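Given the sequences, and given the hints that come with them, work out the whole structure.
Just so you know, the sequences run in chain order A and B. Each residue of the first sequence is one higher than the one before, counting from 1 in our numbering. Each residue of the second sequence is one higher than the one before, counting from 1 in our numbering.
By construction, these hints were calculated from the structure, which means they are not laboratory data. Treat each hint with caution, since some may be false.
If you only want the chain B side, here are some residues facing chain A, beta carbon under 7 Å, derived [what the hints assert, rightly or not]:
(1) 29
(2) 101
(3) 166
(4) 247
(5) 281
(6) 282
Just so it is clear, the structure is predicted and the values come from calculations on it, not from any experiment. We put the CB at the ideal spot given by N, CA and C, even for glycine.
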Amino acid sequence: MSIEKMTTTELLSLNKFNVDEEEAHIILDKNICAKCDDKPCLYVCPALLYKLDKDGNISFDYAGCLECGTCRLVCKAKGITKWVYPRGTFGVSFRYG
Amino acid sequence: MSETEKFDAIIIGAGPAGIACAYTLAKAGKEVLVIERADNPGGKNLTGGRLYTYALEMLEEGLSEEAALERKVTHEQIMILSEGRGTTIDYFDSGFSPYEGPPQSYTVLRARFDEWLAGKAEEVGANIVCGIRVDDVIEEAGKIKGIIAGDDEIYSDIVIAADGVNSFIAQRAGLIPDIPASSVGVGVKEIIQLDTSVIEERFHLQDGEGAARMILGCTEGLHGGGFLYTNIDTISLGLVLMPEEVAAAGKPVAELFQEFKNHPAIYPLIAGGSTVEYGAHLVSEDGYHGLPKKLYREGLLLVGDAAGFVINSGYSIRGIDLAILSGIAAANGICASSDIAKAGPQYIKEMEKLNLLPTLKAASGYRDLLNIPRIYSNYPYLANDFLGNLFTVNGEVAAPMKKSLKALLKKHNISFWQLFKDGLRGYRAL
Chain A
1 MSIEKMTTTE LLSLNKFNVD EEEAHIILDK NICAKCDDKP CLYVCPALLY KLDKDGNISF
61 DYAGCLECGT CRLVCKAKGI TKWVYPRGTF GVSFRYG
Chain B
1 MSETEKFDAI IIGAGPAGIA CAYTLAKAGK EVLVIERADN PGGKNLTGGR LYTYALEMLE
61 EGLSEEAALE RKVTHEQIMI LSEGRGTTID YFDSGFSPYE GPPQSYTVLR ARFDEWLAGK
121 AEEVGANIVC GIRVDDVIEE AGKIKGIIAG DDEIYSDIVI AADGVNSFIA QRAGLIPDIP
181 ASSVGVGVKE IIQLDTSVIE ERFHLQDGEG AARMILGCTE GLHGGGFLYT NIDTISLGLV
241 LMPEEVAAAG KPVAELFQEF KNHPAIYPLI AGGSTVEYGA HLVSEDGYHG LPKKLYREGL
301 LLVGDAAGFV INSGYSIRGI DLAILSGIAA ANGICASSDI AKAGPQYIKE MEKLNLLPTL
361 KAASGYRDLL NIPRIYSNYP YLANDFLGNL FTVNGEVAAP MKKSLKALLK KHNISFWQLF
421 KDGLRGYRAL
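Take a look at the structure:
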């Protein structure tokens with residue numbers, strides 16, 4: 001595979017994740033997100049986990065989260081109602097770091 | 001663990017700050033428990049990065065010789081990019097070791113390094129448990145008395161928050177407010193695997209030598225920069241950007257990074273390699289200015305990234321060494337205080353002794369310098385254009401250099417007055 005231009009989906013597939021299927025560590029209130037004009041989360045998430053669906057609403061999947069915390073800091077509208085680190089052993093495991 | 005068991009110290013986070021603290025305390029005979037949320041120490045940790053060895057040597061002489069490090073940095077490089085162009089300054093010193101002892105710095109990968117360092121702490125008696133997330137601290141009568149993880153409560157004389165840049169523990173304990181987005185950069189990085197011989201050829205390295213490169217002009221004018229570190233058989237290539245600026249510009253960090261990677265002066269360095277990991281992390285950008293007003297309260301000390309100990313001078317970034325120093329200082333502060341209530345003030349004194357706070361203070365001017373927006377576009381572009389003119393031979397009579405410089409200043413919207421003001425600002429900052 002050429003590494004020239006990689007999508008985040010390709011990049012994330014290289015990482016080791018142990019997704020916590022029972023407990024989401026980030027939860028959004030999409031009603032609040034719908035009223036947010038700027039939607040900074042679309043741009044700052046290095047994994048591009050925040051996306052706009054065809055109706056212009058935010059869709060989000062916490063699997064693939066690199067746990068950097070940037071989205072929480074730029075979320076002025078407070079649509080992110082919960083942001084905690086994944087429970088112990090869950091989430092990303094860097095093999096290089 | 002019995003309910004009555006109580007530790008001398010509980011350390012939250014098995015990064016370099018937490019482990020350095022645990023190591024020093026355990027060696028002094030203290031009962032120490034380190035709690036790490038990753039499966040292994042280092043599993044959640046990310047650096048650019050490099051490690052300055054003096055800090056490891058301070059922890060224990062001779063430690064850096066056996067440490068899980070990558071390449072000794074013999075090439076210090078600064079690269080200036082603009083569209084299709086690049087200038088690289090390469091300072092080479094074969095025995096870059098300004099003090100008696102090991103080479104000054106090594107490139108490093110944190111998953112390997114942190115796990116190795118944690119192993120050393122275990123050897124001297126520290127207890128390290130992984131796979132547990134600390135949720136909160138126990139507070140009684142205004143003092144921190146221990147930690148809460150899930151349904152478990154564990155007590156200790158003192159708690160050390162070594163839980164990183166996004167320290168929820170420091171926030172919970174009321175020592176820092178929530179982090180303002182303007183005070184941190186978001187760093188993204190690919191680890192690209194290449195043959196050892198290919199890396200050594202491309203970067204002109206002898207066996208075991210390495211390069212550390214800071215890159216300007218690769219952020220489409222946004223506050224930030226790139227970095228490249230050569231590891232043994234991988235390259236760490238990354239970009240750090242200020243999140244609020246990225247959001248205002250409306251272009252994803254991930255996209256800016258891929259474009260940077262494909263710059264014609266960057267891509268040949270990694271061509272033919274395969275990416276093996278993609279990571280992201282926050283990095284404190286405010287240095288001394290961003291330190292919490294209080295780095296402790298009774299029963300709790302902040303160390304490493306949780307305390308905001310990072311120096312970004314533009315030409316180098318330091319964090320791991322400062323983290324180690326702060327961990328040692330915290331341990332020394334605890335050991336020197338027969339009354340644990342005095343450990344906090346003593347920790348500050350120990351940081352002064354280890355030159356940690358003075359070092360941060362001395363570097364406090366860099367932030368002003370790096371806040372000059374022209375550093376990220378106008379100046380790097382100007383520099384490349386100027387060199388481009390200098391090396392242009394096209395059969396025409398070349399304009400005098402001062403005339404060409406004047407034209408370039410105009411092209412890049414820099415007045416002499418602006419140049420003078422920025423120069424003065426830079427001079428004052430340094």
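(request) Taking the numbered hints from earlier one at a time, note which ones the structure violates and give those numbers from smallest to largest. (result) Of the numbered hints given earlier, those the structure breaks are 1 and 2, listed in rising order.
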